[in-house]
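Using the sequences and the hints given, assemble the complete structure.
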Amino acid sequence: GQNIDQPTEMTATEGAIVQINCTYQTSGFNGLFWYQQHAGEAPTFLSYNVLDGLEEKGRFSSFLSRSKGYSYLLLKELQMKDSASYLCAVKRNQGGKLIFGQGTELSVKP
Amino acid sequence: GAGVSQSPSNKVTEKGKDVELRCDPISGHTALYWYRQSLGQGLEFLIYFQGNSAPDKSGLPSDRFSAERTGGSVSTLTIQRTQQEDSAVYLCASSRGSSYNEQFFGPGTRLTVL
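Protein chains in written order, with our numbering: chain L, 340 to 449; chain P, 21 to 134.
Warning: the hint list may mix true and false statements.
[Claimed, not checked] A few chain P residues that face chain L, going by a derived Cβ cut-off under 10 Å, partial list only: (1) G23; (2) A51; (3) G60; (4) Q61; (5) I67; (6) D76; (7) A113; (8) E122; (9) Q123; (10) F125; (11) G126; (12) P127.
It should be emphasised that the hints constitute simulated quantities derived from the structure, not laboratory data.
This one's a predicted model, so the numbers in the text were calculated from it and none came from an experiment.
Virtual Cβ for every residue (Gly too), placed ideally from N, Cα, C.
Below you can see the structure in the form of structure tokens.
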């Protein structure tokens, strides 16, 4: 089976740094994804990790440890527009389907 | 179009009625996915098409749900004898192929079953 856990809600201050954690247990792991979803909108792709380590892309970075079944999304220099739900998803070896966590609702306060 | 499109954007139906939801993937994308998102929940995989291969239907919650993809492009998700628990946002996504990592999502169809 598969299980993906991430915090339900987080709050952070504009200009600060926030780390959103995701742990997973799944067979046939073939990569971990982070998506951003603003209320009422479609999810948009943020990052993909398949090897251990940190992937940096502008203000956003994503980390993966396959041995620990753990990933995090790091958001720097937070802006109000970063208030959104952040979805962690695992891709399994069989085909391209993604298994999503419940999502973390991030609120950025002034 | 430039992105994945879905229709209708909103659908209200009565319990017991059948509904059809449509997805137009990005041109040239061979992989197409259906997910649903219930209020306050994460995305739940429903079904996946890749080229001419048999679809992966492992996520369909019951035999009231079915989907087809005609000509390797447009897909229709059909829900028969709708129930109130079917109320959700149904999202379609496409990618260049199953080995490509980025899935592009459409805006979704919000289904409300009264």
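Against chain L, with CB atoms and a cut of 10 Å, does the hint on D76 (chain P) hold up? holds (5 Å)
Verify the interface restraint on G60 (chain P): the C-beta must sit less than 10 Å from at least one C-beta of chain L. This interface hint holds because 8 Å falls under the 10 Å limit.
Minimum Cβ distance from Q61 (chain P) to chain L below 10 Å? holds (6 Å)
Holds or violated: is there a CB of chain L closer than 10 Å to the CB of G23 (chain P)? Since the shortest Cβ distance to chain L is 9 Å, the answer is holds.
Against chain L, is A113 (chain P) within 10 Å by beta-carbon distance? Because about 8 Å separates A113 (chain P) from the closest Cβ in chain L, which is inside the 10 Å limit, the hint holds.
For the hint on F125 (chain P), does the least C-beta distance to chain L fall short of 10 Å? holds (4 Å)
Status of the A51 (chain P) interface restraint (C-beta, 10 Å, chain L): Holds, about 5 Å.
Interface hint compliance - I67 (chain P) to chain L, C-beta minimum distance less than 10 Å: I67 (chain P) check passes; min Cβ-Cβ to chain L is 9 Å, inside 10 Å.
For the hint on P127 (chain P), does the least C-beta distance to chain L fall short of 10 Å? holds (5 Å)
With a cut-off of 10 Å on the beta carbons, see whether E122 (chain P) makes it to chain L. holds (5 Å)
Closer than 10 Å between Cβ atoms is the bar; does G126 (chain P) clear it against chain L? Give me holds or violated. Cβ of G126 (chain P) sits 6 Å from chain L, so the hint holds.
Close enough to count: is the Cβ of Q123 (chain P) nearer than 10 Å to one in chain L? Since the shortest Cβ distance to chain L is 7 Å, the answer is holds.
In the structure shown, no violation is registered for any of the earlier numbered hints.
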